[in-house]
Amino acid sequence: SVSLEQTLGFRIKVTNVLDVVTEGRLYSFNSSNNTLTIQTTKKNQSPQNFKVIKCTFIKHLEVIGDKPSFNSFKKQQIKPSYVNVERVEKLLKESVIASKKKELLRGKGVSAEGQFIFDQIFKTIGDTKWVAKDIIILDDVKVQPPYKVEDIKVLHEGSNQSITLIQRIVERSWEQLEQDDGRKGG
Amino acid sequence: MTTTSTTSVDGRTSSTLKATLSASGPNSNGPTPAVLPQKPKLTGWAQAAAKALPRQQQQQQQARKDDSVAVQPANTKTKTIASTAPPANIKGSSTANGSSTNKKFKRANKQPYNREEVRSYMHKLFQSYTAGEKSHSMKTYKQVLSETASGRVSTATDWGTVSSSKNKNKKYGCLSDIAKVLRNQ
Amino acid sequence: MKGNFRKRDSSTNSRKGGNSDSNYTNGGVPNQNNSSMFYENPEITRNFDDRQDYLLANSIGSDVTVTVTSGVKYTGLLVSCNLESTNGIDVVLRFPRVADSGVSDSVDDLAKTLGETLLIHGEDVAELELKNIDLSLDEKWENSKAQETTPARTNIEKERVNGESNEVTKFRTDVDISGSGREIKERKLEKWTPEEGAEHFDINKGKALEDDSASWDQFAVNEKKFGVKSTFDEHLYTTKINKDDPNYSKRLQEAERIAKEIESQGTSGNIHIAEDRGIIIDDSGLDEEDLYSGVDRRGDELLAALKSNSKPNSNKGNRYVPPTLRQQPHHMDPAIISSSNSNKNENAVSTDTSTPAAAGAPEGKPPQKTSKNKKSLSSKEAQIEELKKFSEKFKVPYDIPKDMLEVLKRSSSTLKSNSSLPPKPISKTPSAKTVSPTTQISAGKSESRRSGSNISQGQSSTGHTTRSSTSLRRRNHGSFFGAKNPHTNDAKRVLFGKSFNMFIKSKEAHDEKKKGDDASENMEPFFIEKPYFTAPTWLNTIEESYKTFFPDEDTAIQEAQTRFQQRQLNSMGNAVPGMNPAMGMNMGGMMGFPMGGPSASPNPMMNGFAAGSMGMYMPFQPQPMFYHPSMPQMMPVMGSNGAEEGGGNISPHVPAGFMAAGPGAPMGAFGYPGGIPFQGMMGSGPSGMPANGSAMHSHGHSRNYHQTSHHGHHNSSTSGHK
Amino acid sequence: MAIKSLESFLFERGLVGSYAIEALNNCTLDIDVNHYVSRLLTNKREQYLDAIGGFPTSLKMYLESDLKIFKDFNITPIFVFNGGLTYNQLEASGHFTAASASASISSTTTSSSGTNATTRSNTESVLLQRSRGWTQWNNLISSNQNSYIDQPIQPQEPFRHNTTIDSKAYQNDLIAYFIEHGYMYQVAPYSSWFQLAYLLNSAYIDAIYGPTDCLMLDCVDRFILGMEFPNKEFRFIDRSRVMKDLGCTHEEFIDIAMAVGNDLQPTTLPPLQIYPVPQLFDIALEMVLNTGTNFYAYQLSTTLQNDSKENIQNYQRGISALRYMPVLKDTGKVELFVQEIVVSEEDSEKNNKDGKKSNLSSPSSASSSASPATTVTKNASEKLTYEKSSTKEVRKPRDIPNDVHDFIGQMLPHEYYFYRSIGLVTGKLFDAIVTGVYPEEPPLGGGSSTSYKKLVSKSVEIFKNKEINLLTQPINRYYQIKQIKQVKWYAANEPTTLTNRMSPSMFETINHLIVKTETSDEKEFSISEFITTINGSSNMAKDFISEKVIFPNSVPIESKLNSPFNLLSTNFLRLLVLLEFFTFDFKEKLLEPTRWGEVFLKLNELNIDSKYHESVIIFLVFLKCDVLKLDEEVQPPAPSALSQATLRSYPEESLYVLLITRVLTLFQVDQKPSNYHGPIDKKTLIFRDHLSFIKENLNELFEAVLISSLTSGEFNRLSLDNFGWARKIVRYLPFKLDSPNTIMAMMWEFFLQKYLHNGNAKNDALSLVATEFNTYKSTPNLDEQFVESHRFLLEISKVMQELNAAKLIDENVFKLFTKAVEFTTTALSS
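Chains as they are written, first to last, in this note's numbering: chain Y, 1 to 186; chain C, 1 to 185; chain L, 1 to 722; chain G, 1 to 830.
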């Protein structure tokens, strides 16, 4: 039998039970949690992509190409090195804050179309937010599900300017959605 | 008494040393016009010093060098003057001293992976989430599943891959193709 | 070496120690190997776990996608994961959303139920996709921190140095410098050695050139360029000096003198020194794979450079001479005879510093006495000289970035002249006595040909002989050697003792030349050629690789095809003398046999090998087939069919040679009268599919000839009755 | 290696002619030793050789009888050995990985290793069979554990099967034999059969006896394939007749040869690798004739397959090696043997280009080779004659590409090839310099013991670095920079880089040491004479340290080393300095023996028989390396050949037996040639591996020292012709011959065991040895051999005493050994 270490660096093609195929280099095989980690980007690329796959989820694993010449821990070009825990903590905090901001722009439990309409409006008008499942623009205009042109409501009187703009945006967005749909169908 | 001389230390005149230091900018790694002409000189000097030594002495030193295990590796190439950091700094505290040490190390060797520290941090982090589930409006996937329609239909987590395929009961079953290649090399 | 071994030992020990210290358990999974494929020890497990932990720790705070076992994909911010879980990885996502609803539900349905934070247990995590993970964050972070703190430190250092300026004459140890006030363990300096692998090369990536020049590393350069660690350079960084040595000051003076000498050299015209002083070699020729594996493609260039350098060249000045062979006259003559223009008593004096003029002077001139006037150099100077010479001669053509050209104006011109190799002589043999190999070979050939005609063949073979199972043992009468019988010749033996001996042979050649020379007094003494004259490459006549002598795929296939057709043509003509060769081709195309799949008949050739694993070549046994008189009558019809199909001698659709099915051997048998059973062969392509050939069926009295063109463009059939 | 399966094919087709041996009367016959040895040692012979080590004695027997017949017919044989290997051959033999892949394959079972008999290389098969032999043996031992008391078990599974014996291993022994009996020999720079072809073409010889590979050369019209001495016949092959019968052109034949596997391209390429070996050629020929297959095109068309790149590469290298093979020419230079090609004059330029682009060997196939048909149709023949009349044919040598070193190997100086050609060097070091790899392959005993591995790693410092420096210093400076690594079979991925460069160089440190005595040219070198010379000096430093170096050309011949004795003595002294048997300091004018050297210098005083001197040095160096004490068990322990009963009842005596057998691995029993089949002992074999390793390394270090001396010009190289070099120098080189086999050690082992169990009855014990070892045939004078080997033990015992006095060995070991020898004395004199 061969040392497990030697599996490192192999270019492999993994088909999971859902027949989704992942290709890349074997980065790690962990028997302690029964997973396989694949590096899916090219060696010299940065940043890198990885995929951790649970072994029980693998239907089939196939080697592509030859045995790598560098199949040992020592020769990997990614080797664990010092991790500054503070830095990790800091990064985590920053990204949580950033994500929170983004999160506000996502409707909870809304349809994909609704989100698309929101995004399109947000592109043009920065002051757009979700209130429950309604889109509120400039605290003036409301778009309710299912977010068609008919669903645009004015909250306060006398803001016709913005309403026409929003109508046009919503209209165009739906056209685009239908086009995309048609393309999908074909 | 044995004196250790390196390329980074020029002991002939203090003025030279000063020049070197003042010349090196805020980032001592950056080259400045004043540094470059200095460099061959040092190289040449050390080269000559090496030659001036009798051969046997060199060999002895070589031997001694091999026997000794250095407390810390030092990168003699850097222009910064080595300040010896207490071992605690290896753990990566953010004091000025510590970071300068790290910096010095950056070129020579990446610092070794701090396994225990990473593990304990990750452990704490995970604890903080799992212990305070409610505070983050935390839901587990199981809960999510039970709330959806499909959840009521029991979902098998085991896809039967292990029991059905030829890799049954084999710990490294999915790696069989790799094993084949390795054996045929 | 010893040190290395010891180091390795200690490192393994410490690793073992580290292992026992760590309280990390394997999560209850027994670490034993159930299958015979792989084995894994705690060491390996730990290494793998470290790899994954390292990756996961670096993925905290990035967006990830989790595929759960039902196929639904969730994306979100990875805020935590459990490294201790034993069945998959427990993952905590912040702001989860459904990216792909998989098979079953609609997104809306699933999304409704999600909260702000989602914990997915390892057993449900089928896949965890980590995207855009930057593993160099720590390094970058350290750098940015360091930059903030450096100025302050530098000032402190400056002050301290000023305070200690009275110690001018002393060398300062590390302890002195770091301040005697602090208590610090003394430590020894260690040479920085690159790790195995590519790290130390990768570090320079993505940085500006200026950064590199400061941190230029001699070891890295040498190792990168030649795969050699220079022993000399190691002293540069590791020398310790013993101040108490009585000869210390004397040596110091000596050292400074030498140092000055070296410094005064400058970089002009010497790419080596230029490189060593921080001028960068362009790395673009090396891709990461090369750096990674440590294989330097420039090895070839190096070889080429050496090749050109080792070629004796009278224009060259000081040649590099191995230290072993110093104090000897060296000669630039490519001939095996080394010649010198100095007399014997002068040889002792002449050193390898003799001027190019002296070395390259033509034979007729009186010897120049330059070398006598020169003082012999001290050994140290000689050594430096040696090194200088070595580095001067040792040039490797590199690509130089444009902005470097200014700096290297002079050296680049030297490079140019170096990279073009001098034309090479086809034969090095200087001797007039030896016959050129060409004539020898042809002479040998014609001789053996003549003798060949006298041999009575043991067996006359016409066309194809069928294979006989018993070997024919028939003795030949007459002579094995033909007309010219060998006779023992003692001279031959003597000749054998003297030939194949480079010393004797080159001496003979030398003496021969001497005889021919009238002014024999001026003749140089004979010396045996020094072994370092031989380059590591063989003499070539053209500047091309052997690989260029091979055809590409199409040409190779076409060649084989032509050959095959030619053979068929010949065998047809041979077998049916009255027939038109054009018919032969069509017949060749027609004489196929119906063939089922590989399972058609038990196959004698299979011998238990898996069928179809490669292109199987399948012989098979057809039913005995008989020759009918009616066949020739059918010929014209078939011929016209062939013509309709555009089949002249050569079909326009020529399949790959080895894919074609053709009769070859059966055609030979076709010429015999009466019914002769014969064996047919059928080829199959690499795919294991039977080749597309023509088929022939027979039903009682009626015959159908069914011909298919190779590509199935056109089918036609005719039937005839007896 | 020959073209796979071709020979049997030719016999079946009746294409092998035969002649009576008289036909060769008075001729000079060149013999390819590789081919010849493979004929003599067929599969059934010497099946247990790998379990006991040593030289195959039966080879000598066959050789002698053949030589006698040559003499009867006044045939002058010239034996040509194979030299270096080309890249394809190196790869196939596992050179670059020190056969580690093969070694690991041999440890797994055949079925799972994924190779079949067709694709497996010879090295793989050898190791596979060896491990099979030992596995079977272990099973046999354990199953007989209870019944075995003092009757040794005979092995059943052969240790060699269906593999060709590597004649390289016995090259030195054969050369020694040829020199002794006055036969001519030569070692080719690369392929031996090319050297034969060159010699034939330049009319130095009349006929060649070589492998079927010779058919690939169109300059060889006929060659002898085999000799059948019982019938006084020989078998030969006539090229034109074969080609006519096969019905393919010369180019197609070469294509087939490359695909089935031959000496220059040993692997069988797809699609042929799935067929059994005996049918390969037959099938390949059918494919060419019936479907117009071109195997090169086939390789190109299957680029998707895993190995296709390597296959294309191997094919190209094979063809190229055939076109440009270095041979040693009569000028003493090694040059490429380039065959000519025929081109028509007017198309010379064009055809040359076309020819270049062809993988087939000649562009004008119609004229250069037999056409497949005997008669040609009228039209076709007219066409041909028309073509012929319009053009003239020109023969010109092929163009030589600029990267011959990529498929042959880098070039060494002519002088180095010369030393190889006369057998002065084995060439393993040359190969290391050329390839950048010095392989440490698994020894006969497997080499799993830690002490052996330790020895391998220690050899880098003690031997290898010095050798590499000595050999790379005098030659092109590329080699001084080139990385040369020691690759070990057990850790092929962790090579040790050898140091080429030292300052001062190794040669500079020793070249002031000169032994120059006033002796005649004829004085023979021996270690004993050397000791006498050294001991004859009252002041070593004065007599053997020369103020001036003697290598420069300016030094007159008289002041150089002028006799073979002085040459060898000088270099032997240098060897001993490098081995630290002497300390030497030129500046201090110091030269004196170390404690080891003192023991060595006493060998004459102690009356040690001069024929054992070499063995004693090996023994001393082994002890000095200090990897295994003489009484120490190897780790992991190997099963003892003694029975459990013996080990349990006689623990003390068992230890004696261990010491005795170990020392006796240095003693070669005087055997009559025979195929050995008798008891085997792995434990002893493993110890023999250690000593054999030391010997090989001593040989290589001495070679390196000698070469550095010769190339620098310290010796008058013009004073000898080839026979002189052989008779006066090569013949007396120490450490050249293969180490003794383990037979004598085992004879003593089983003799003493029987003696112990049988109430100390010597005669029963001796007769047991006689029957078990079949000595009535192989060792008629068994008693004499026991007495002789006992004398050897006593002599070693004297050396041990000196070593003990000098505190160079453990006192316990010394006492134990003394007791052990006493034990043998009582047993033998009882």
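FYI, nobody ran anything at the bench for these hints, they're computed from the structure. Positions of the beta carbon are idealized from the N, C-alpha and C atoms, including for glycine. Any given hint might turn out to be false.
[Stated by the list, open to error] Below 30 Å or equal to it, Euclidean Cα-Cα: the simulated DSS-like pairs (lysine-lysine) are: (1) 67/Y to 492/L; (2) 507/L to 139/C; (3) 629/G to 74/Y; (4) 485/G to 611/G; (5) 547/L to 129/Y; (6) 458/G to 507/L; (7) 123/Y to 131/L; (8) 73/L to 139/C; (9) 131/L to 129/Y; (10) 589/G to 75/Y; (11) 798/G to 777/G; (12) 124/C to 100/Y; (13) 75/Y to 139/C; (14) 60/G to 42/Y; (15) 148/Y to 100/Y; (16) 67/Y to 13/Y; (17) 44/G to 547/L; (18) 458/G to 492/L; (19) 100/Y to 180/C; (20) 396/G to 428/G.
[Unchecked claim] Partial chain Y-side listing against chain C, Cβ under 7 Å, derived: (21) 3; (22) 19; (23) 20; (24) 55; (25) 63; (26) 69; (27) 73; (28) 80; (29) 82; (30) 83; (31) 104; (32) 105; (33) 106; (34) 165; (35) 167.
Hint check:
Of the pairs offered as hints, the one joining residue 67/Y and residue 492/L is violated, with about 55 Å between alpha carbons and a cut-off of 30 Å exceeded. A threshold of 30 Å between alpha carbons decides the hint, and for residue 507/L with residue 139/C the separation of about 96 Å lies outside it, so the pair is violated. Using a Cα cut-off of 30 Å, the hinted pair residue 629/G and residue 74/Y is violated, with the two alpha carbons roughly 35 Å apart. Under the criterion of a C-alpha separation no larger than 30 Å, the hint pairing residue 485/G with residue 611/G is inconsistent with the structure, at around 36 Å.
For the proposed pair residue 547/L and residue 129/Y, the alpha carbon gap of about 68 Å is over 30 Å, so the pair is violated. Among the hinted pairs, residue 458/G with residue 507/L is inconsistent with the structure: their alpha-carbon atoms are about 43 Å apart, more than 30 Å. Proximity of residue 123/Y to residue 131/L is assessed by CA-CA distance (about 26 Å); at most 30 Å being required, the pair is judged to hold. For the hint pairing residue 73/L with residue 139/C, the CA-to-CA distance comes to about 16 Å; that is within 30 Å, so the pair holds.
Under the criterion of a C-alpha separation no larger than 30 Å, the hint pairing residue 131/L with residue 129/Y is consistent with the structure, at around 28 Å. Taken as a hint, the residue 589/G and residue 75/Y pair is broken in the structure, with Cα atoms around 50 Å apart against an allowance of 30 Å. Pair hint residue 798/G plus residue 777/G does not hold up; C-alpha atoms about 34 Å apart against a cutoff of 30 Å. For the proposed pair residue 124/C and residue 100/Y, the alpha carbon gap of about 23 Å is at most 30 Å, so the pair holds.
At roughly 42 Å between alpha-carbon atoms, residue 75/Y and residue 139/C are farther apart than 30 Å, so this suggested pair is violated. Annotation: proposed proximity of residue 60/G to residue 42/Y is violated, straight-line Cα distance about 61 Å (limit 30 Å). For the given pair, residue 148/Y sits about 28 Å from residue 100/Y by alpha-carbon distance, which is consistent with the 30 Å threshold. As the CA atoms of residue 67/Y and residue 13/Y are separated by approximately 14 Å, the hinted pair is consistent with the 30 Å bound.
Between residue 44/G and residue 547/L the alpha-carbon distance is near 42 Å, which puts this suggested pair outside the 30 Å criterion. Using a Cα cut-off of 30 Å, the hinted pair residue 458/G and residue 492/L is violated, with the two alpha carbons roughly 48 Å apart. Between residue 100/Y and residue 180/C the CA atoms are separated by roughly 49 Å; this puts the pair beyond 30 Å, and the hint is violated. Taking the CA atoms of residue 396/G and residue 428/G, the gap is about 36 Å. The hint is violated against a cut of 30 Å.
With a least beta-carbon distance of about 9 Å to chain C, the hint placing residue 3/Y at the interface is violated under the 7 Å criterion. Taking 7 Å as the C-beta cut-off, the interface hint given for residue 19/Y is violated, the closest approach to chain C being about 12 Å. Taking 7 Å as the C-beta cut-off, the interface hint given for residue 20/Y is violated, the closest approach to chain C being about 13 Å. With a cut of 7 Å, the hint placing residue 55/Y at the interface with chain C holds, because the nearest CB-to-CB distance is about 5 Å.
Here the hint on residue 63/Y is kept, as its CB sits about 5 Å from the closest CB of chain C, short of 7 Å. Proximity of residue 69/Y to chain C is violated relative to the hint, the smallest CB-CB distance being about 10 Å (cut-off 7 Å). Look at residue 73/Y: its Cβ only gets to about 11 Å from chain C, farther than 7 Å, so that hint breaks. The interface hint given for residue 80/Y holds, since its Cβ lies 4 Å from the closest Cβ of chain C, which is under the 7 Å cut-off.
Given the 7 Å rule on beta carbons, the hint for residue 82/Y holds: about 4 Å separates it from the nearest Cβ of chain C. Taking 7 Å as the C-beta cut-off, the interface hint given for residue 83/Y holds, the closest approach to chain C being about 5 Å. Interface restraint check: residue 104/Y against chain C, minimum CB-CB distance 15 Å, threshold 7 Å, status violated. A least Cβ separation of about 19 Å between residue 105/Y and chain C goes past the 7 Å threshold, and the interface hint is therefore violated.
For residue 106/Y, the shortest C-beta to C-beta distance to chain C is roughly 15 Å, which exceeds 7 Å, and the interface hint is violated. Taking 7 Å as the C-beta cut-off, the interface hint given for residue 165/Y is violated, the closest approach to chain C being about 36 Å. A cut of 7 Å between beta carbons decides the hint on residue 167/Y: the least distance to chain C is about 36 Å, and the hint is violated.
Of the numbered hints stated above, those contradicted by the structure are hints 1, 2, 3, 4, 5, 6, 10, 11, 13, 14, 17, 18, 19, 20, 21, 22, 23, 26, 27, 31, 32, 33, 34, 35, listed in ascending order.
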